[in-house]
Amino acid sequence: MKFRTRSIHVGNEPDPATGAVVTPIHLATTFIQPGAGVWGQFDYSRSGSPTRAAVERTLADLEGAAGALAFSSGMAATHCATMLHKSGDHIVAGCDIYGGTFRLLHKICNRSGIEVTLAPADDASQIQNAMRPNTKMVWIESIGNPLMTIPDIRLIADIAHREGALLGVDSTFAPPSILRPLEFGADIVMHSATKYLGGHSDCLSGVLASRDLALHKELYYIQNATGGVLGALESFLLQRGIKTLELRMREQCRSAMTIAHWLESHPRVTRVLYPGLASHSNHLRARQYLGDQFGAMISFEIDGDFEKTKQVCQSTKLFGLAVSLGAVESLIEQPASMSHASYDAQAKAKFGITDSLIRISVGLEDPQDLMDDLQQAILG
Amino acid sequence: MENATIVNKHSNATPSNLNAGSLSPAHRAGISTTSVHAGEARRKPNDAITDSICCSSTFTFESTQSIIDYIEQKQDREEYGRYGNPNEKVVERKLAALDSADEAIIYSSGMAAIVGLLLAKMSSGDEIVIFDQCYHRSREFCSKHLSRFGIITHQVRTGDFEAMSAAINSRTKLLISESPTNPHLSVIDLEQFVALGKTHHVETLIDATLATPYNIRPIEYGVDYVWHSATKYMGGHNDLLAGVICGSKEKLQEVRKLRGILGGINSPHNMYLLERGLKTFALRMERHNENGQRVAEFLDAHPRIEKVYYPGLPSHPSYEIAKRTMKGFGGLITFLVRDADWKQTAAVIDACSIPKIAPSLGGVESLIEQPYVMSYFDYSPEERKRFGIADNMIRMACGIEDPVDLIADLQQALDA
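The listed protein sequences derive, respectively, from chains Y and H. Going by our numbering, the residue at position 11 of the first sequence is 11; the numbering climbs one at a time, nothing skipped. Going by our numbering, the residue at position 74 of the second sequence is 74; the numbering climbs one at a time, nothing skipped.
No lab work stands behind these hints: they were computed from the structure. One or more hints might be untrue.
Per the computed footprint, the stretches of chain Y lying under chain H, defined by three or more beta-carbons under 8 Å from a beta-carbon of chain H, are [stated by the list, open to error]:
{"hint": "1", "stretch": "7-15"}
{"hint": "2", "stretch": "358-369"}
Straight-line Cα separation of at most 25 Å, PhoX-like style, residue types lysine-lysine; simulated pairs [as the list claims (entries may be wrong)]:
{"hint": "3", "chain 1": "H", "residue 1": "K249", "chain 2": "H", "residue 2": "K74"}
{"hint": "4", "chain 1": "Y", "residue 1": "K310", "chain 2": "H", "residue 2": "K44"}
{"hint": "5", "chain 1": "Y", "residue 1": "K317", "chain 2": "H", "residue 2": "K44"}
Bear in mind that the values here come from a model prediction, so they are computed numbers and not experimental data. Backbone N, C-alpha and C fix where the C-beta goes; we use that ideal spot for every residue, glycine too.
Isolated chain H (complex conformation):
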């Protein structure tokens, strides 16, 4: 089993034990140190400084006996690519360390991750309570697809814990929220959210895609599962799709097994890009936070802007809770153009020269879009009103460009 021995040696924790986020037991490494080193072997095959991209779809055993040893001794080694691969494991350890979690499981996209978790945890007759500002595709999966398997989802108004409490019954298995939400940037009081779950013995899940572990780590509040679309800030370069679920090893055991059956894993090439993107995670987040705050303040003071949704502004209903619990508020800003119909709003977007018109967020390039046109064009005015999608609403995902350039560009677009 010489091959397996080598694999095991290199997949083990680093001598400095950065898996546990520390240089020594008494010391918790800084977030930038964690994002550069955590999860990686101190010494890698061939003594390379970076992890190699291991494209193998299957992994060899030395002999029949070595397969039996693998099964009987539950050895930590690779078997077949659908059950995981070395590149994915490195990133899983790095993401778990960043989120203060025992375990992280990676999927081929954010949606594959939430679907993987829900299918592993929910059975016919179980119920979910979800806040209504959660990502519309995750709500759609619950209401249109889980319902086909007899799983009931109750949507309640975001942040209304009384309504959430009232919707809980003996069949409730999971409470779901996003924080901050998209595009309204509502921040959830995680202490209240977790307390509600614990009172009723119901597990809790937070979609922290917009927050990232740089700004808040929901696991530290007692949340059971943290979900990210790693396509966004974690990959950070708009060039890969990935999703991740973080939580305790025990709670995720069945989730990992089901991923091995359903097969929504990621690829070694993508995992290398994600690992590389995470190296600059702390730097990028610091800049996204700064750009978000500065651009939000600029828009807030501009006469053509009716309203700005950004938790770093005192006018936002979540300002106090956000300021108390989050390090920063990310790069996503939603705003309304004063006295503009949808076409006049579109003209502001079309006049911008730096942010590109596209969905998504979290990459180094700024992106801009009009939610009405991009995501709700086929909806009726009543439905749009119900989801809080105004015709004059613009969503901008600030990248890491120089904030002076972003502000100058918005200024000229609004003055045009």
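So that you can see chain Y by itself, here it is in the shape it has in the complex:
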């Protein structure tokens, strides 16, 4: 069956108890067992619950994974993946990773004696150079943030495997309807499911899906032991969101492409970073991995200073001024004052976070309305 059909039906089988066409929300924390020492399918909801198990089946199927685990947030999922490792192990991560992942690797994992080296993920040779004999994991993002870099996942998977390391891919910007990193050799795909998978800005959630069953079981062991599981209500909302994932993503990518072209021709816009544009440095690789849907995140620079840029971000009427992304509502932010404010001037320059950079998450509104809104904000 096609992706869209599976996203509606797999993991959403009619309820055997009632025939309900939608997975019931099971709030029970514990389950009556058949006998002392005889375990039923579910025992205690940290170890598994029917509603969470349903959405995990959907996620595993959509990623082409041996198994998937749902977590209470994207960071809980990433943390679980790092807990595969122990003191003395080494992780190589992309330079342009999410700030929360950066913090986890440098401020939390280091406490357990895990070392980290950063390298630009869109240059596989630099990933290769960063590898050490004790490297156990490579962690990259399938679309970088905020510069929208595209790594060569297949090549980096080969490098990692040759050195005996796992490849984990945070594919939050590219959900499984447009990219399935496990098909390109990644071992683990991670999502902040808060974004496109949930899609409605109303449930925090994270996912780890694994290509190999033994690895999935190891991650499950850690999840169960540490407890960062997704609740029943959120599992229900996540599964409900996934039913329209393919439609939302197709539409949002199409709108993003229209808006990116429009921005590129705008006299007040000096630079547009969108992997779907021929002008993007990783455009050819983006075509190879993403086909014709290049995500719905766009960064662009205007011919204005810090204050002017801030004013543009504050004067939109449809775009909400907020961090996060991936939902039906369009959002706008100024990385220099918001998502990357903690970077010093030198780091900003190094990572391309200029004062005039604006990042938008294109939602489901009519693209003409969004362009009208950006136009009045830029000219205002």
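With chain Y held as given, fit chain H onto it using these hints.
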């Protein structure tokens, strides 16, 4: 009255005035923009991007004087949950914007909505004229229950405006039709329907559940009341029940008051799910329309199919009017299996693996059923014939799955 001030500030129209469906006065927002933003405050409590679920059954006043102010100044604020709650109000504004209406009133189900309207508008001695393909439960309410209060209902053949005109007299208060109808998918000429009402000074009501405002907005034709079972395409995920009546503020004033007395309101949790479902309304409808058309065309060309009822097919009697007035025709298709008795027809349904066997329609999952078995099993063959329910009839509600999968599944079921 600080609390009330906050409530009022947040329940007001957005700065971009999407309540009126526009970004600026001169600009009408696209339907997808309306479904995402309309009716919601631009800035919400706690600056949250989504509306919170407000479960409060009652709402507090700061002082006795603040109650008096509320009553005397007719302040727009909450009082007690039966009169409405913040979650319901957001969805009411969103639905009104989508349907080009001033006002929308939400109920706990589609039937609660029509009953709420009819009880508010009809008095003993009044008469209703209704087309005979309207939803059978609404006809049943009119004929079995309104009749107990001395309200008379005349059923006339669907689309027969001469018969409808002939049934109108000085006591007639309301003309009712569904469009498209279920399961025959007859589309009503709204211009004729409205003209007939205006000529006789009688109000008009359309059940537009199958059409949705994505495909047609009857208010723009001058229809007085639009009724939807919002359980269907508007909720869209087969996980909530809701009904809505849209119309002018003036005409709905008494209807809203009666809802406050009868209490068939919806719940904050449900309203949140409906609001969330509406965010993808335009996307889903585009896909339901496409799937409906493609599956109908496939069935129309299949040798085992005797007849397909779908307004997007030139063979349907409503094809011309549907094509002229509707953007698309939705996901519901009715068809007859050639030379099949009811059991052979049931075998086709049982052989399907994607659509689930269930009543209802309009959700992301495709559903399939045999009207004879599902809704008319206890009726006599004569009654079924009168309602046009054939033994070999199947009704399929196409969801938003990939149409290639739906067609492949029907193909194997028909070949089995």
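Discussion item. So, against the hints stated earlier in the document, which numbers end up violated here?
Written reply: Violated: none.
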